[in-house]
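Chains Z and X supply the protein sequences, listed in that same order.
Per numbering that gives the first Met the number 0, the very first residue in the first sequence carries number 0; after that it's consecutive.
Per numbering that gives the first Met the number 0, the very first residue in the second sequence carries number 0; after that it's consecutive.
Hints are supplied without guarantee of correctness; some may be wrong.
[As the list claims (entries may be wrong)] Pairwise CB distance ranges (calculated):
{"no.": "1", "chain 1": "Z", "residue 1": "Asn128", "chain 2": "X", "residue 2": "Leu1", "range": "28 to 36 angstroms"}
{"no.": "2", "chain 1": "X", "residue 1": "Lys67", "chain 2": "Z", "residue 2": "Phe104", "range": "29 to 37 angstroms"}
{"no.": "3", "chain 1": "Z", "residue 1": "Met0", "chain 2": "X", "residue 2": "Glu72", "range": "43 to 51 angstroms"}
{"no.": "4", "chain 1": "Z", "residue 1": "Asn223", "chain 2": "X", "residue 2": "Lys26", "range": "49 to 57 angstroms"}
{"no.": "5", "chain 1": "X", "residue 1": "Glu43", "chain 2": "Z", "residue 2": "Lys63", "range": "27 to 35 angstroms"}
{"no.": "6", "chain 1": "Z", "residue 1": "Asp29", "chain 2": "X", "residue 2": "Lys67", "range": "25 to 33 angstroms"}
[As the list claims (entries may be wrong)] A few chain Z residues that don't get close to chain X, going by computed Cβ distances all over 10 angstroms:
{"no.": "7", "residue": "Ile73"}
{"no.": "8", "residue": "Ile107"}
{"no.": "9", "residue": "Glu120"}
{"no.": "10", "residue": "Gln149"}
It should be emphasised that the hints constitute simulated quantities derived from the structure, not laboratory data.
It should be emphasised that the depicted structure is a prediction, and the values quoted were computed from it without experimental measurement.
Ideal Cβ positions, reconstructed from N, Cα and C, are used throughout, including at glycine.
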Amino acid sequence: MTWRFLDTGDGDAYWNMALDEAILALRIEDKVPATLRVYTWKPSAVSIGYFQSLEEEVNLEACKALGVDVVRRITGGGAVYHEWGGELTYSLVASEEELKAKRFFADIQGSYRVICEALVEGLRKLGINAEFKPINDIVVNGKKISGNAQTRRRGVILQHGTILLKTDIPTMFKVLKVSKEKVSDKAIKAVEDRVTTIYREVSCNITLDDIKEALRKGFAEFFNVEIRPSTVTQSEIDLASEYRKRFSSWDWIARR
Amino acid sequence: MLLRSEYKVKGGKLIKVALEVEGDVIKSAKIYGDFFLYPEDAIENIEQALKGVRLTSDFEPIIAEAVKISGAELLGFSVEDLAAAVRLASHSSFG
Numbered sequence: 000m001t002w003r004f005l006d007t008g009d010g011d012a013y014w015n016m017a018l019d020e021a022i023l024a025l026r027i028e029d030k031v032p033a034t035l036r037v038y039t040w041k042p043s044a045v046s047i048g049y050f051q052s053l054e055e056e057v058n059l060e061a062c063k064a065l066g067v068d069v070v071r072r073i074t075g076g077g078a079v080y081h082e083w084g085g086e087l088t089y090s091l092v093a094s095e096e097e098l099k100a101k102r103f104f105a106d107i108q109g110s111y112r113v114i115c116e117a118l119v120e121g122l123r124k125l126g127i128n129a130e131f132k133p134i135n136d137i138v139v140n141g142k143k144i145s146g147n148a149q150t151r152r153r154g155v156i157l158q159h160g161t162i163l164l165k166t167d168i169p170t171m172f173k174v175l176k177v178s179k180e181k182v183s184d185k186a187i188k189a190v191e192d193r194v195t196t197i198y199r200e201v202s203c204n205i206t207l208d209d210i211k212e213a214l215r216k217g218f219a220e221f222f223n224v225e226i227r228p229s230t231v232t233q234s235e236i237d238l239a240s241e242y243r244k245r246f247s248s249w250d251w252i253a254r255r
Numbered sequence: 000m001l002l003r004s005e006y007k008v009k010g011g012k013l014i015k016v017a018l019e020v021e022g023d024v025i026k027s028a029k030i031y032g033d034f035f036l037y038p039e040d041a042i043e044n045i046e047q048a049l050k051g052v053r054l055t056s057d058f059e060p061i062i063a064e065a066v067k068i069s070g071a072e073l074l075g076f077s078v079e080d081l082a083a084a085v086r087l088a089s090h091s092s093f094g
């Protein structure tokens, strides 16, 4: 069975999360094949994990002032600042069964490992010596380059994750609530020591298309499957339009 | 009265607990954090299970039971961590 590759380009936070969930829902009904999607966030946005407190994680006033959207994910994990031009997000939707048939795993942590290792394969194509670091990170020489989060419904997995291209730590510190001492120059330096980016590891000349293609090839080789470029179906657009209303509603965003 | 705690799990995840208490009884409990729990809505069953529980209780079996009933799986933290985070919040009333 051929998998599908979707490059949906720029989308706003609500659409981006809605489309991931729509692909998941339609994969459950077997209406779409396993799908690797890549996308970017425009305007820049903060996504928080399912279990996080909006109030405690996000500086809403700063977001508003900077034109940064805020969305709650259906996946757990931490808050992410998705800077437009500063990161690339991927999502993989596939049934547990079809993933296991290609690369066996025994438990949830194992499924993170397998999917992250496909991503690692893609990053290696760019010359980046990345590795999976449990629970849900990908690191280069110990520095985080990607964070990942997963949900599962009726035997189907949705894992999405962010891959850093460059950092804007001062803005990140404005939109995410971090304690005062963390905003100091020293703290900014500390984050810079703990994270790395594609531009830093490779070169600023690398294009987004190069990275997307490396990911497609990395996943295809790792899972030994053909991943063919395709387009979003009308049912995905319809369903995502429905879901988008929920993702953009205050009830959902501020539910915890 | 609102009691709060932040509990850093070994491995990096953070659990935040907020307990609304009346006397020494939990009226409502909220558990926040950057952990993973499957299925996600099991968190509400766990929070619900802590309702009406005395602050001096052993939270671990209560949480363990809620996790079991929900068929939930935890990643990045354990039932013991969660109980420790709730205990930490319950103790904040004496500090």
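How the hints compare with the structure:
| no. | hint | verdict |
| --- | --- | --- |
| 1 | Asn128(Z) - Leu1(X): 28 to 36 angstroms | violated, 47 angstroms |
| 2 | Lys67(X) - Phe104(Z): 29 to 37 angstroms | violated, 23 angstroms |
| 3 | Met0(Z) - Glu72(X): 43 to 51 angstroms | violated, 27 angstroms |
| 4 | Asn223(Z) - Lys26(X): 49 to 57 angstroms | holds, 54 angstroms |
| 5 | Glu43(X) - Lys63(Z): 27 to 35 angstroms | holds, 29 angstroms |
| 6 | Asp29(Z) - Lys67(X): 25 to 33 angstroms | holds, 31 angstroms |
| 7 | Ile73 | violated, 7 angstroms |
| 8 | Ile107 | violated, 5 angstroms |
| 9 | Glu120 | holds, 23 angstroms |
| 10 | Gln149 | violated, 7 angstroms |
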